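> Protein chains in written order, with the numbering used here: chain A, 1 to 485; chain B, 1 to 474.
Heads up, a few of these hints could be off.
[What the hints assert, rightly or not] Stretches of chain B that chain A covers, calculated by requiring three or more beta carbons in the stretch to come under 8 Å of a beta carbon on chain A: (1) 181-189; (2) 261-267; (3) 322-331; (4) 355-367.
[As the list claims (entries may be wrong)] Sample of chain A residues facing chain B (criterion: CB under 10 Å; computed from the structure): (5) Met1; (6) Cys12; (7) Leu19.
Worth flagging that the hints you see were computed from the coordinates, not collected in a lab.
Predicted, not measured: the structure shown is a model, and the values here were computed from it.
Positions of the beta carbon are idealized from the N, C-alpha and C atoms, including for glycine.
Below are the chains, spelled out letter by letter.
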Amino acid sequence: MNKPLRRIAVFCGFLILALIVRDNWLQYVQADTLAKDEKNRRVTIERYATPRGDIVVDGKPITGSKESGDGNDLKYQRTYTNGSMWSPVTGFASQSVGATQLESIEDGILTGNDDRLFFRRSLDMLTGEKKEGGNVVTTLNTAAQKAAYDGLRGRGKGAVAAIDPSTGAILALASAPSYDPSTFAGADGKAFQKLDKNKDKPMLNRALRETYPPGSTFKAVTAAAALEHGLYDDIDAPTKSPLPWTMPDTQTPLPNEGNIPCKNASLREALRVSCNTVFGKIGSDLGKDKMLETAEKFGFNEEQFVPVRSNASVFPEKMDRPQTALSSIGQFETAATPLQMAMVASAIANDGKLMEPYMVSELQAPNLDVIEKHAPKEMSQPLSEENAQKLQDMMETVINDGTGTNAKIPGVTVGGKTGTAQHGVDNSENPYAWFISYAKTDSGSPVAVAVVVEDSKAGRDDISGGGLAAPIAKDVMQAVLDSKK
Amino acid sequence: MSSSTTHTSTIGAIGAPSRRNTELALLAFAVVIPLFAYINVGLAIDGELPTGMLGYGAGLGLLAGVSHFVVRKFAPYADPLLLPLATLLNGLGLVVIWRLDQSERLQQLPNFSAAAPNQLMYSAIGIALFVGVLLLLKDHRVLQRYTYISMVGAIILLLLPLVPGLGMNVFGAKIWIRVGGFSIQPGEFAKIVIAIFFAGYLMVKRDALALASRRFMGLYLPRGRDLGPIVVVWIISILILVFETDLGTSLLFFGMFVVMLYVATERTSWIVFGLLMSAVGAVGVASFEPHVKQRVDAWLDPMREYTLSQQGVVGHSEQAMQALWAFGSGGTLGTGLGQGNSDLIKFAANSDFILATFGEELGLAGIMAILLIYGLIVERGVRTALAARDPFGKLLAIGLSGAFAIQVFVVAGGVMSLIPLTGMTMPFLAYGGSSVIANWALIGILIRISDTARRPAPTPAPNPDAEMTQVVRP
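With these hints in hand, go ahead and build the complete structure from the sequences.
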């Protein structure tokens, strides 16, 4: 009977071996995947086991941590200072709902679990210190953010994005209506459910994640394309622009807003009074490929990661000639995030160079050692220095003498462009009021800003970029200029 | 008798060392290791030495001491590894059960009560039974007389959970009975009784089963009427599966029978038959019996099962996924005793799923060690079967060790989602009186068989012709 006995011994060995192999699969090969699975409660426990590191603006934390209290296996919960104002920057870290945006992207640093903190963590383990989270230092400017948020709050819905054109550093990122992430940072997620069902979408980060038809502000891009592709050279020479102008392949004339002097107007004049006919014809003359090339150099049709993801703005890739004309004045399917339009303004203000937008300047270890520092990076050059200066000249005329006079700041050179974008079926809904601008001092341009206001309370006629959006842009620019002094 | 095997599986080597001192030294480790683990848990959870430390150490030490003394006295040639290994597992199990008693999450559950004191009591009863086996069972061959009584006993034990008013339905599996406040898993005891029956039955019938067969395609096909017993056992296993809805118990009995049949007849065809029949049975039942089917579905997609249970769909359980997360989070070295979150498994965390706590807190390293300890117990059991001199002893030893191995595989495999989950428990580690008591009895029988096997043959009576006659020993 011994031969089968030995075989049974081998069989039992195989049973144990199968278990050992399976265990190696689970605890070695799959261990990381299982341990980091978002649904694995331990991930949440770990995230809230120690006070999170902070998100820092202007040297001051805009977040904090407090103990959650008894009966909760998550020890600490997040607190936010002025949460509604900062939520488009921070996102949220909630025990019940999870983390998003900056809180989620930099979770590793904030919890102290990042691999770059491994050595320190091991040292802490040996010395018996508690694990600590690092800090995320942002580029934002408190005064500018406050100006942006206060301005929006008084006017209903909308968003503001402001950038330092020379570096790409984001200075303000506001969205209204907003929400305070402290209300659902703890174990109770009811406030989140309520916000989630709110039809005004307070949790939507409009500055990064909503695309609006940019309307006339897009004419700055079209003007850049006209100069860059050599369609026109002299901004003060008359353009070949008949009035009325019928869109190619159609019988439809493209209308202007009111009776404005657009016939053969110069580029400067056309931008000052915002001629649809002139810029529509430029787009049509250049053709969709050249327009697309310039738009994409400004960042259209591409998601931006700042490092929070921003939706891709759209300049349509497939369109016929009349659609190209409409797209070139910011209509048809053209759509842009406020961040995108701030990038347009910043590239023009920075003499043609578009810097990559970013909002995290530094990652700090718990003892404030710098782990990573952001170096400004050039993203593209949508137009030459010479053409950029021509376009600045034109945009400054808009402020001094055109539709954007509301954004004038005494003693400072300001350039900008207004926009009123129609939308809805047959343009039935209230249009969006747009404004993009930059301020310039002797040492270059410290700020470019884009503002969009979707106002349902104001009457149709009152909505114009110059009336609603320009004052907010002015306040934001003023705040940045003041903080530089 | 080759000299290389003299030390381990001697058959009648005169003067073979009894190895009792080896056993004593190993037992010291088997008591000290859980004691350190106990201290470890106390330090991790409360930051101080646990108050019950001395009592616990003394209790475990006493149990080990008594059992060692009884073995030394009544089974001096027994295998030296079985007792220390079982003690070690029992001790570690106690520590982890105590650790889970400290869990706030489990304390919040309805019906929570501290399990460690009960388990300590069960362990004491188990060791008492172990001592009883060694004291009362002077020769395992006595059991052969009870072959058919065992059969009746086994059938009664297996049917008990189906008796109305006695049986309990625990999360769909009906393998428990409740007697005066105690829940008992009769299957654990049936495991031993049925092994006795199979061993006695097969010893008698082995020749008929082995020789009267036809050869077909390289396999010996048994005659129709010889197929009878295996078909009967197969049907009983299927009935267990259908009525008690527990794949594990069913697999255990059928597997044990096939192993013993194969050893008794030395015919590979039985293995082939056995595998085919268990596959047909398992697949067949799983496709129509809802509870078994649900277990299989949960095994195929534990994440879906978890999601359903989170949505509050009745009859679904998050346990399988929670166990997987526990293993994954433990990683290579584990979180350290008392520092994991395996209590997220909640129900049955200290019984069916106790291995997940070991996985999380002791890591891959700990689980490998535990699996190797189980492997060693099985190996010592098989070695006992090899060394045994009588066919009944061989069959009984291999039946018990085979069943032990299959049980470890079915339970650990279920918890690690290698196979569908079943309602059985890890021998010695898991909380549960029936399991601990029955397995101590099992170890007692194996020790008795190994003692008989390794006992030196009686010295031949002095013979005046000794010098002229050469004694030939088997």
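> The structure should be examined with respect to each hint, and the outcome stated for every one.
Here is what the structure says about each hint:
1. 181-189: The restraint on the region 181-189 of chain B is violated, since only 0 of its residues have a Cβ under 8 Å from chain A and three are required.
2. 261-267: Per the Cβ count (4), the hint holds.
3. 322-331: Per the Cβ count (7), the hint holds.
4. 355-367: Our answer is that it holds, as 4 residues pass the Cβ test (under 8 Å) against chain A, meeting three.
5. Met1: Holds. Min distance 5 Å.
6. Cys12: Holds, about 4 Å.
7. Leu19: holds, 5 Å
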